[in-house]
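From the two separate chains plus the hints, produce the assembled complex.
In order, the protein sequence lines correspond to chains A and B. Residues 22 to 434 (our numbering) are what the first sequence spells out, left to right. Residues 5 to 317 (our numbering) are what the second sequence spells out, left to right.
Since the hints were made in silico from the structure, they are not lab data. We put the beta carbon where it would ideally sit given N, CA and C, even for glycine. No false leads were mixed into what you were given.
Computed beta-carbon distance windows for the label pairs: (1) B/Phe-131 x A/Ala-221: 27 to 35 Å; (2) B/Leu-114 x A/Glu-92: 17 to 25 Å; (3) B/Thr-286 x A/Lys-193: 22 to 30 Å; (4) A/Asp-318 x B/Thr-286: 45 to 53 Å; (5) A/Asp-318 x B/Leu-158: 54 to 62 Å; (6) B/Ile-254 x A/Lys-143: 51 to 59 Å; (7) B/Ala-76 x A/Ser-309: 49 to 57 Å; (8) A/His-325 x B/Leu-114: 14 to 22 Å; (9) B/Asp-262 x A/Leu-295: 26 to 34 Å; (10) A/Pro-141 x B/Val-80: 58 to 66 Å; (11) B/Trp-64 x A/His-325: 29 to 37 Å; (12) B/Asp-262 x A/Ala-103: 35 to 43 Å.
Each computed EDC-like pair below joins lysine to aspartate or glutamate, with the alpha-carbon atoms no more than 20 Å apart: (13) A/Lys-48 x A/Glu-351; (14) A/Lys-268 x B/Asp-6; (15) A/Lys-314 x A/Glu-343; (16) A/Lys-413 x A/Glu-187; (17) A/Lys-247 x B/Asp-262; (18) A/Lys-225 x A/Glu-249; (19) A/Lys-368 x A/Glu-418; (20) A/Lys-370 x A/Glu-306; (21) A/Lys-268 x B/Asp-140; (22) A/Lys-107 x A/Glu-92; (23) A/Lys-247 x A/Glu-224; (24) A/Lys-143 x A/Glu-131; (25) A/Lys-273 x B/Asp-140; (26) A/Lys-247 x B/Asp-6; (27) B/Lys-113 x A/Asp-94; (28) A/Lys-362 x A/Glu-343; (29) A/Lys-48 x A/Glu-86; (30) B/Lys-288 x A/Asp-229; (31) A/Lys-268 x B/Asp-130; (32) B/Lys-288 x A/Glu-224; (33) A/Lys-247 x B/Asp-140; (34) A/Lys-225 x B/Asp-262; (35) A/Lys-314 x A/Asp-75; (36) A/Lys-273 x B/Asp-130; (37) B/Lys-113 x A/Asp-403; (38) A/Lys-322 x A/Asp-403; (39) A/Lys-225 x B/Asp-267; (40) A/Lys-193 x A/Glu-249.
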Amino acid sequence: MKPYRQIAGGLVAMYLGTGMALAAPLKFGIIDTLSGPQSSTGQLYRNAMRFVVDHINSNGGWNGEPVQLLEYDNQGGPAGAADKLKAAISDGVQIVGQGASSAISAQISEDVRKYNMRNPGKEVVFINMGGDALELTGEKCHFHHFRVSGNAPVKIKAMVLTMKEEGVLGTKVYSINQNYSWGQDMEQAIVDAASFGGYAVVEKTLHDTNKIQDFSPYVAKIAASKAETVMTGNWSNDLLLLMKASKAAGLKVRFGAVFLDQPGNIANAGEVALGHYIAHTFNAEHASPESEKFVKDFTAKMGHFPQFIEPQGTWGMMLVAEALKNVKAEKGVLNVNTLAKTLETTKIKSPLGEMSMRAADHQAQLPFAVSVVSKAAKYKQDGTDMGFKLLKVYRAEEIASPVQASCRMQRPN
Amino acid sequence: MDWLLVSVMNGVVYGLLLFMVSAGLTLIFGMMGVLNFAHASFYMLGAYFAFSLQARIGFWGAILVAPIIVGAVGVVVERYFLRRVHQYGHAHELLLTFGLSFMIAELVKLFYGNYPVNYRIPGSLDFAAFAVGGLDYPAYRVLMGGVAMAMFVLIYLLLTRTRVGIIVRSAIYKPRMAEALGHNVPLVFMGVFGVGAALAGLAGAVAGAFYTTNPNMALELGVMVFVVVVVGGLGSLGGAMLASILIGTITSLSVGIDASLSDLFALFGARQWAEGVGGLLTLKVSSTAGTIPFALMLLILLVRPHGLLGEKG
Chain A
22 MKPYRQIAGG
32 LVAMYLGTGM
42 ALAAPLKFGI
52 IDTLSGPQSS
62 TGQLYRNAMR
72 FVVDHINSNG
82 GWNGEPVQLL
92 EYDNQGGPAG
102 AADKLKAAIS
112 DGVQIVGQGA
122 SSAISAQISE
132 DVRKYNMRNP
142 GKEVVFINMG
152 GDALELTGEK
162 CHFHHFRVSG
172 NAPVKIKAMV
182 LTMKEEGVLG
192 TKVYSINQNY
202 SWGQDMEQAI
212 VDAASFGGYA
222 VVEKTLHDTN
232 KIQDFSPYVA
242 KIAASKAETV
252 MTGNWSNDLL
262 LLMKASKAAG
272 LKVRFGAVFL
282 DQPGNIANAG
292 EVALGHYIAH
302 TFNAEHASPE
312 SEKFVKDFTA
322 KMGHFPQFIE
332 PQGTWGMMLV
342 AEALKNVKAE
352 KGVLNVNTLA
362 KTLETTKIKS
372 PLGEMSMRAA
382 DHQAQLPFAV
392 SVVSKAAKYK
402 QDGTDMGFKL
412 LKVYRAEEIA
422 SPVQASCRMQ
432 RPN
Chain B
5 MDWLLVSVMN
15 GVVYGLLLFM
25 VSAGLTLIFG
35 MMGVLNFAHA
45 SFYMLGAYFA
55 FSLQARIGFW
65 GAILVAPIIV
75 GAVGVVVERY
85 FLRRVHQYGH
95 AHELLLTFGL
105 SFMIAELVKL
115 FYGNYPVNYR
125 IPGSLDFAAF
135 AVGGLDYPAY
145 RVLMGGVAMA
155 MFVLIYLLLT
165 RTRVGIIVRS
175 AIYKPRMAEA
185 LGHNVPLVFM
195 GVFGVGAALA
205 GLAGAVAGAF
215 YTTNPNMALE
225 LGVMVFVVVV
235 VGGLGSLGGA
245 MLASILIGTI
255 TSLSVGIDAS
265 LSDLFALFGA
275 RQWAEGVGGL
285 LTLKVSSTAG
295 TIPFALMLLI
305 LLVRPHGLLG
315 EKG
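Okay, chain B solo, but in the shape it has when bound (with noise of 0.2 Å):
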């Protein structure tokens, strides 16, 4: 019992850390209808920035800063770089950020080398919240936790109460009729791609302490990360927090299973059999924790291409 509370935090944690990530990620396809593949990077260059400002600033700050950064540079790649490749289509925007993410992941190794960098969470906030059956649990979970809550809260109430998240919701709706009635669509749009990439960075910030700050960050969480827009919906904040959160808990869940098919040939008194085929048959549920998103998208591919929450079409 105990293990499947911790397993269900654990999992809900993980799923939230996800959410953070693709929340931008699915805010700016959602928007723009650019897939951008660099999206991942800038949670890396999050937890790059971060590590770097910890020394000078002191974590809180580096935190703080960090995202606004990458904020920044994601600014400057929608107006010099996307803005240019926009009115020759989908598949060169999509061609440019894949570009732009080999090109952010070397940058980093030039300048922060190969391995994993030292950027550890602070010894003030390591320390365990409570236990639950002979385990500690984090506090630095629950912050990362809390952290992704109070994102998901911010970004839905500035997108449906205020008078910013009309102009956006308007600006992707029926572009040129926001752009006649005299708001600058570009410039909503630059917006929406530096609030996507500072929230990424957010994520590399906070997560890059409790993981590790490599190289290979944003290739690893990348591909999740994709998973997570896709089950949820592309373009669907609530699909994409839906998505993380069962994609994380599904995850930390079947680590713990070790059943495998032939269990179920078990209750037909075939267990021998399905052990000397082998192979799948064989084939325990925890082994293949990390392919079951995969599994998962798959299956929402096949009977629900538009995702969990997004719009058909």
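So here's chain A without its partners, still in its complex pose (with noise of 0.2 Å):
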């Protein structure tokens, strides 16, 4: 038993060692989907925050320290997203990043919110990283949540502008979208650009959430209906089917979808994919050289280049990682109320251009870029012949959505 024993006192004596040698460092917690069916695009996320936190510790960390990652497993729900950010508070985490699915956003907002009423002084931050439905900025909008992804009326804008410009849209736009939080924004966003689309919402469609096998009976639908465009917020399963159903069917629409770029789409979708438009934060083959460089990092560290919700949760980070340049530690530790408030100001240049955090409702300002499905791209997507043929980038006011009267924002004095 013995030399057990003064192992394991040896290990204690370093432990608080290391703890007394140096103050706690900087926490980083990602709570997201990491497991299950959805895990595919919480890893995405997490790629995003392992990448900035690199990038802060090779330009000096913070405080003179490195700064951590810890994460953690929601297991794809809420409950599992509350127990675990319980585990991150108490682990010492500061600031929280997620974002797969809008519901968990929700729920990590919603407790941040209350946790940090009920302790003063020991605040945490939560950054949204693509929870995009609208309450989040709006009657659920508070202090110490900030999202740094678009949201739906400023997909659906940069979409109707370019796919109007192009003179694809038509007169005739189908919605169909999924019945949830998101969904319903992204419907209520196509209604809305039908004044400066030019179009007429011939019908709207809300179905179940991925819970769908066979989608020819909406297919058959939007025929009747005459469409010529059908816009959709629908993502994984539900686009995918969506569009192999209506190339099945043999059905001449063209398709608006934000979630296009998605892995595994274009392959599986194959040819049926050519055509099709989407709304994205960033397209690989954006020429400047700002866009290259992050292009050449992202693609050397994790072994592709930054695709899908990838480089909205890195340049989301990036911003919090220039909001920290500029916050000094208090006694050795990150005042969170500080970097919450020096984020509302902050600036960056994100390879499509400026980006910013908007006081008002802590909705990120960013540029969008518009892109069509084509063989014609520079990078290809998923081992196939096609990928994103950049269109159009716009700057972040030329798409911004107003503040929404509902948010009433509570600052601490």
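If you want it as structure tokens, here you go:
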């Protein structure tokens, strides 16, 4: 027994020793879906956070120390996220990141708000990398929630403007979306954009989320409506199956789909995907020194070029990294309220253009790209001969959606 | 009218696909009393195996060989896993298959990755069989329906018209007596499990190309397959067929119905009130298409717990 005890004693001494020698390092935590059906998206957000944390550390860390990234698996649901948030807070995490699913973002945001109210002086901040539901920056907005991705009106506006300019929009648009907060936002955005898009929404459909195997009945409905363009916020299987079913039925429509670039989509859809449009936060073929550097650095670290939600996660966290540069440690630790206030005025130059945080509702103002699936694209998707050909880049202010009146933010004094 | 025709055809073919998967599940349950949670995983394995094989032996070869491999996996599962826990009762068997379904899903992700794979119908089959109401009706859907029908007829004949069928049925009805007459009952069980798995594998190989082949496909279809088996009656092949087609057509037709409860209230001049209340009253039938099968299951469990064609007790 004795040797074991000595080793154990030695370990405890070492642990205490390190604790005394340095102040506690700043901890980032990602609480995302890292296992189960939707893990493919959660893992990409983790890539983004890993990339930024490495970036911060290679530039000297924060307060003279490397920052840490702790990873928590919410197992695909809000309940798991609530548990893991508690665990993260007790592990000393001060900056929480998450992106896959608005439902989970809503849970984390609410829990962070309540925790901060009950524990003044020990606040944590939630960086929402992809929970795009409008209510999070609307009636549920609060001081410690920041959304660094876009939202439905912004994405639809970018897409509609480009499609109209290219003359492919037509006058009859069909809106098909998933029946939860995100899909409902999309439907509203598609209806609202009709005025400047110069189209009529001929039919609106909301369906169950990722439960439907056979989309042929919906395709029959789209055909009956004589729509020329189908706009959808569907992601994952709901998008793939919809596109495949319309191809199988020989339906001649153009899709405007904001999640078309999810890995696997293009490979699985095949030629069906050609000519469809997408609005996204980055396109690797964007020709600027910043974009080329980002693509090169990211590919070197992750083994693939940045795609799908990786850029928005990365540049969202880069905004936080920039704000951190201007925040000094107070007694060796980060004051989260100071960080949040600094973040409200932080601006960075992201590869597509300037990106900033709007103080009124904590909705990031970021540029968007609109692309079309084409064989002429520089970066091919999923090992196919197709990719996203960049058509247009919009500056943040060209497509910004107004602050929602329902957001009444309480600020700490 | 065209819309109705297309919707019914779509519904029937989707129903036939559901039948292909649920046939094996209901057979295994009827014969062995094992509720196999991993059954939809066999469906997924069928699709992935066919995807891997088609590059080497072509699409048709893959469709034939993949189910055989899945059947072999099924045999191994029965022989080396289920048989060991059989003596501890059904709860243990259920837990075992439940765990197995997770393991298969994770293994698939390990080998094929998190995202859908590039498994598509071959160009030679990618044409329209005919056109209705301005829409093509894909030949591949007709093929899927045909495969399912052929499968139903074959299993039915096998069970009712052949010696093998007699032995299988007697092994289920009176296992000890069948054993005393010199039949190897454990072998029969193993065979049934293997065939059940192979049928699911065949469904996966055929449907994986038309829909998508991804690590969630077992989860997505698995729930619906259980609904089919419960509605049709556990253990009844005919019931599975009836329930599959019923669920397929109802789902397909409900997509096109934009009515809500407020339309019903409109008959009494209370539309405005109903729309003011909102919630359930303004929910369109079309947006609940995915939920209707579950409501049907609930209804069946309440009024006819043994299912449409299931045997009592």
